[in-house]
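Enquirer: Spelled out, the chains give:
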Amino acid sequence: MEDYTIVSTRVRLARNVDGFPFPHKLNEMNSRKIADGVMRALMPVDKFTRYDISDLSQLDGTILQEKHLISRDLLSESPFGSVLISADENVSVMVNEEDHIREQVILSGLSLDQAYDRINRIDDVLGANLKFAYSPRFGYLTSCATNVGTGMRASVMMFLPALTMMGLMDECINDVGRLNMTVRGVYGEGSKADGFLYQVSNQRSLGLTENDILDSVKSAITHIVESERRARQLLRRNEPELKDRIYRAYGVLTNAYKLATDEAMQLLAMIRLGAYYGYMAVSDPSHLQDLITNCQPANMQRISGKNISVDERDVLRARYVANKLGSIVKKQV
Amino acid sequence: MLCTKCGLRESTTEVVQRINNHIEKMYLCDECAKDFRPEAFDDFDVINKLIKGSSMGILSGLVNMLDAPTTRSLVCPDCKTTGDEFLKSGYVGCPRCYEVFEPLIAQTVKKLQQSDKHVGKHPLAANEDARGASVAVERERLRAELQSAIDSFDYKRASAISTKLDALDGKGEA
Ligand SMILES: [Zn+2]
Ligand SMILES: [Zn+2]
Numbered sequence: 001m002e003d004y005t006i007v008s009t010r011v012r013l014a015r016n017v018d019g020f021p022f023p024h025k026l027n028e029m030n031s032r033k034i035a036d037g038v039m040r041a042l043m044p045v046d047k048f049t050r051y052d053i054s055d056l057s058q059l060d061g062t063i064l065q066e067k068h069l070i071s072r073d074l075l076s077e078s079p080f081g082s083v084l085i086s087a088d089e090n091v092s093v094m095v096n097e098e099d100h101i102r103e104q105v106i107l108s109g110l111s112l113d114q115a116y117d118r119i120n121r122i123d124d125v126l127g128a129n130l131k132f133a134y135s136p137r138f139g140y141l142t143s144c145a146t147n148v149g150t151g152m153r154a155s156v157m158m159f160l161p162a163l164t165m166m167g168l169m170d171e172c173i174n175d176v177g178r179l180n181m182t183v184r185g186v187y188g189e190g191s192k193a194d195g196f197l198y199q200v201s202n203q204r205s206l207g208l209t210e211n212d213i214l215d216s217v218k219s220a221i222t223h224i225v226e227s228e229r230r231a232r233q234l235l236r237r238n239e240p241e242l243k244d245r246i247y248r249a250y251g252v253l254t255n256a257y258k259l260a261t262d263e264a265m266q267l268l269a270m271i272r273l274g275a276y277y278g279y280m281a282v283s284d285p286s287h288l289q290d291l292i293t294n295c296q297p298a299n300m301q302r303i304s305g306k307n308i309s310v311d312e313r314d315v316l317r318a319r320y321v322a323n324k325l326g327s328i329v330k331k332q333v
Numbered sequence: 001m002l003c004t005k006c007g008l009r010e011s012t013t014e015v016v017q018r019i020n021n022h023i024e025k026m027y028l029c030d031e032c033a034k035d036f037r038p039e040a041f042d043d044f045d046v047i048n049k050l051i052k053g054s055s056m057g058i059l060s061g062l063v064n065m066l067d068a069p070t071t072r073s074l075v076c077p078d079c080k081t082t083g084d085e086f087l088k089s090g091y092v093g094c095p096r097c098y099e100v101f102e103p104l105i106a107q108t109v110k111k112l113q114q115s116d117k118h119v120g121k122h123p124l125a126a127n128e129d130a131r132g133a134s135v136a137v138e139r140e141r142l143r144a145e146l147q148s149a150i151d152s153f154d155y156k157r158a159s160a161i162s163t164k165l166d167a168l169d170g171k172g173e174a
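Residue numbers (my numbering), protein chains in the order written: chain Z, 1 to 333; chain Y, 1 to 174.
Isolated chain Y, as found in the complex (with noise of 0.2 angstroms):
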């Protein structure tokens, strides 16, 4: 096989890394042999990396197969990802993927990040300087966290959430 770093003689040596408790390898030519220190894995994700070099998909143990058999076999009519092969590699192949397969992602996600539930930053904050347009886009997002508690049957979460919708809007107590 050829050097995984410079991509243009025959490898000789194989390098294992250790990256906390995942193995990395690379094979290299004796040129670059000569020259290798481990390099800067700067800014890769971890998890990923776990992901890409598991043959048999490693996602497939954090889903409960019973819970959707359909999701699998879902095709996403944008990009033709199918569920399956999100299973094996973790990754989807464009935005509407997220749609098609929002279960099977809910699930995956769920058992890696504990949450299923973004609460960070959204995209429309930065150009809505003004309150009202923020009040909009707050009440936004609590009408989506809503449905989502009552998806999920959580309804002391459901009532919380709806009272500072209330409060959001005026109304009730605040």
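The following block holds chain Z by itself, in its conformation from the complex (with noise of 0.2 angstroms):
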């Protein structure tokens, strides 16, 4: 049953090629070596597109940090850095950012076993074609060594608005982190413009076993699952109150004439609980996702297919918005 909570799931493995220095020590040329040598393991296992970062302009770059397809470090740390992206864009992988290689999937919804296993086939291929640097102690070798080990996270996207607005996140992020757990706000922590989305991964990568990781991270979903619950449950004893914050964002959202990001995402959070509670009737969940990410700066950018002021922009996306939101979310009354 959807409920709406978990937004979607990544798991990540941090890998080396043996014999080179790291990234934060590789050449221009040892680089593109590692890249074009990864680049010929994937042809065989899917169409991926390969991105420079030096050829890549700061749009184009920025549009797939949106995505979350790549990392800040990797767009403005890394200049000898590439990424492989899947045509489906559910696998990346990264190119000496911070490791010679991170490997991702992200897929929709609790899926970290699947998420797990296509990565897990993924790094089968490369490490079949590229010798890892590896120790039988320390496992998997990182450029920094507290990510030895599995070189795993794994990493759960949730959407916790009754939490947060009751202000019991913090206790939260305290009981996971006794699990060893990481919580940590998608769009920056504590300001309502977040959209109430966290993401929550393992801490621990060594002495544990991949299994064990994603275990423990699903044991701590399910805690957080369970708090939330309880969270909506407290919220909806005022209902009206309630009701009317919720059909007012939709108000807003189908008849404004500028929005601005943060707002636009606190709206659309809105909504995304409206479903929850039934008051508004949602078509697939993932589309509100999508409609998230396509609001922010650059990806809007991207849709007005020319470069447009912060204002033009604003306008855009309420047009762009209403329009949307009319075929994936109906009222209910």
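Watch out, some of these pointers could steer you wrong.
Cβ-Cβ distance ranges computed for the label pairs, FRET-style [said to hold, decoys possible]:
id: 1; chain 1: Z; residue 1: D88; chain 2: Y; residue 2: M1; range: 38 to 44 angstroms
id: 2; chain 1: Y; residue 1: G7; chain 2: Z; residue 2: T222; range: 14 to 20 angstroms
id: 3; chain 1: Z; residue 1: V310; chain 2: Y; residue 2: M1; range: 18 to 24 angstroms
Worth flagging that the hints you see were computed from the coordinates, not collected in a lab. Just so we're clear, the structure is a prediction, and the values are computed from it rather than from any experiment. All C-beta atoms in this analysis are idealised placements derived from N, C-alpha and C, irrespective of residue type, glycine included.
Since each chain sits alone in its own frame, please combine them into the complex, following the hints.
Expert: Structural data, given as structure tokens:
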């Protein structure tokens, strides 16, 4: 059942190629060599598109970042970095970011096992073609010594409006911190503009198997989902107020002339919450998430097809959201 | 200082974000500040950033200096990273560094990860579907584990591992 708590799942593996210095000590020639090797290995697996950061415009780079396909570090701190992205955009392999290779899979909903399976198969292919730096004691060797072992980070993007609005997030962060999990705001923490989206991920990568890590993330997620569900029940005690907030959000989103990014994020979060309570009928929850991605500044610019000012972008965003919302969301009366 | 986002214009605004217990600062120009919503800090590692942001070398607090006075002054022959550099930054320069600074690294990761022994996937597993080959890999892994148990005087664990090794070779009660 769709409970509008879990948005997406991501699993990443950090790998380095034996015999080469790590990226912060690697020259351009060797960086390209590694990217070429990764490209060659992945070709038979799927159709991957390669982008070298040095050839990418600021706008195109930011578009990829807003889609969570590359990190900010790859964009701004990795002059010889590259990324390979699968045709379905579920797999991205960053090359020469902090490590030579960062393989990641993003899937919608809670799909930890599926995400790991897919990235594990890609890792097998890469590992058969490139000799990974590995030691029996420390596992996969990484440029920062704190990432060694599995080199794995499993994270789940969660939508937690009730816990946030009721001021219970700090408590929740402490609870899962005890389970060695990290919680942080996807779009900046604590600000109302973040759309109540959080990333929950494992801290430990060594001394645990990949399955141990997946299990520990799952149990943390179960705990958080349960807390959020209880908080949502409490919120509903004042239903007229709650309904009013959600219907007003719908009203503004469908009628505004100008819409800034953070306002759009905030209001779309209320629509998502409305879908949970059944005040709004949403045809497919992933469409809501796509809408949020497309509302980000660089993606909005891409949609406009030309260079526009911040004001023009806000006008375009309002038109775009009103239009899309009409086809994805129906207000229930 | 230049804007940390676009790198083009002089910064005018300082933005501070809290991520768990750690503070991240950004300096933005007018243009970028207008558009600013805290960014998707998708996949970076909190511990790493803590280390990067600390000028004192956060790892030095985790190491018993008396245990490792010589390792600190060692230099990796392949990439020239020194033990001190590692303690200051948390970063090593190449795979070889892990051999050169093994005792230092073992101490720090043990404090941060509650373990200094990998138990997950190993690279050879990918190539070796044949059962015989994976037995060889498993034997290799257990031998390394046995050595590390002996090195740390953990004879109870060493004996358990050696029983597993015997079972793998078809000896013992299994
Ligand atoms: Zn700027
Ligand atoms: Zn080195």
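Enquirer: Look at each hint and say if it fits the structure.
Expert: Hints and how they fare:
1. At about 40 angstroms, the beta-carbon gap between D88/Z and M1/Y stays in the expected band of 38 to 44 angstroms.
2. Taking 14 to 20 angstroms as the suggested C-beta distance range, the pair G7/Y and T222/Z does not conform, at roughly 42 angstroms.
3. Checking the proposed 18 to 24 angstroms range against V310/Z and M1/Y shows it holds: the Cβ atoms sit about 23 angstroms from each other.
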